[in-house]
Amino acid sequence: MSQFPVFETIAILDGIPQNLAFHQARMDNAIEKLFKQTSVFNLAEIIQVPERYQNGLVRCRIDYNQQDYHIIFSVYQKREIKSYQAVYFDTLDYIFKYSNRENFDLIKIEKDEAIIIQNGKVTDCRVGNLLFLKNNIWYSPKDYLLKGTQLSYLLSQNKIKLVEIKIEDLHQYEKIMMINAMNPFDESRAISTQHITL
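First residue of the sequence shown: 9, per the working numbering; consecutive thereafter.
Hints in this document: simulated from the structure, not taken from any laboratory.
Take every hint as true, because none was put in to throw you off.
Simulated pairs of lysine-lysine, DSS-like, Cα-Cα distance not exceeding 25 Å:
no., residue 1, residue 2
1, Lys129, Lys155
2, Lys119, Lys155
3, Lys155, Lys183
4, Lys116, Lys174
5, Lys150, Lys183
6, Lys90, Lys174
7, Lys90, Lys155
8, Lys90, Lys116
9, Lys116, Lys129
10, Lys155, Lys174
11, Lys86, Lys119
12, Lys142, Lys129
13, Lys167, Lys142
14, Lys90, Lys129
15, Lys155, Lys116
16, Lys183, Lys90
17, Lys86, Lys183
18, Lys183, Lys167
19, Lys142, Lys169
20, Lys155, Lys167
21, Lys183, Lys169
22, Lys129, Lys174
23, Lys142, Lys119
24, Lys44, Lys155
25, Lys129, Lys183
26, Lys41, Lys150
Model the full structure from these sequences, guided by the hints.
Here it is in structure tokens:
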């Protein structure tokens, strides 16, 4: 096992950490479940943004265990996703944000991003949760692999609904969008589901 088996990725926008309460809750839960301990970390205290990262969108990665952590800041370059490809991976387990992502490296695709299918149901992509638009309502698969902080935020604001989405249901949806800590809800990033290869 890695020295730091789990990690958090936190968006820093103009020097301010985003959705910190949701990251704190997920970190606390991981430490409790994985290490059977109570978290000793306070992200608001840990994250001291260096002067050079006070402007723009910055990625803050915190690798941690039950008693120690390692933090790295880097300028974030957004990646545009123009196409998706369904891949079948019934055994992939990512209930916690594990540092070891070797299983994701096994996913080979010819499109920009994967839609991971487990037991016939849509879950996540490799880098975040997925949203699907139907009749002006945004939905997300209830069978997600990892409950992302952006997903948690949108649910708390009643902006999306969790539903079961089977692979044969995808044609019923009009648009698809990936969300994660670095890529919050933004309809301009949504693309037509016609760009999904099944």
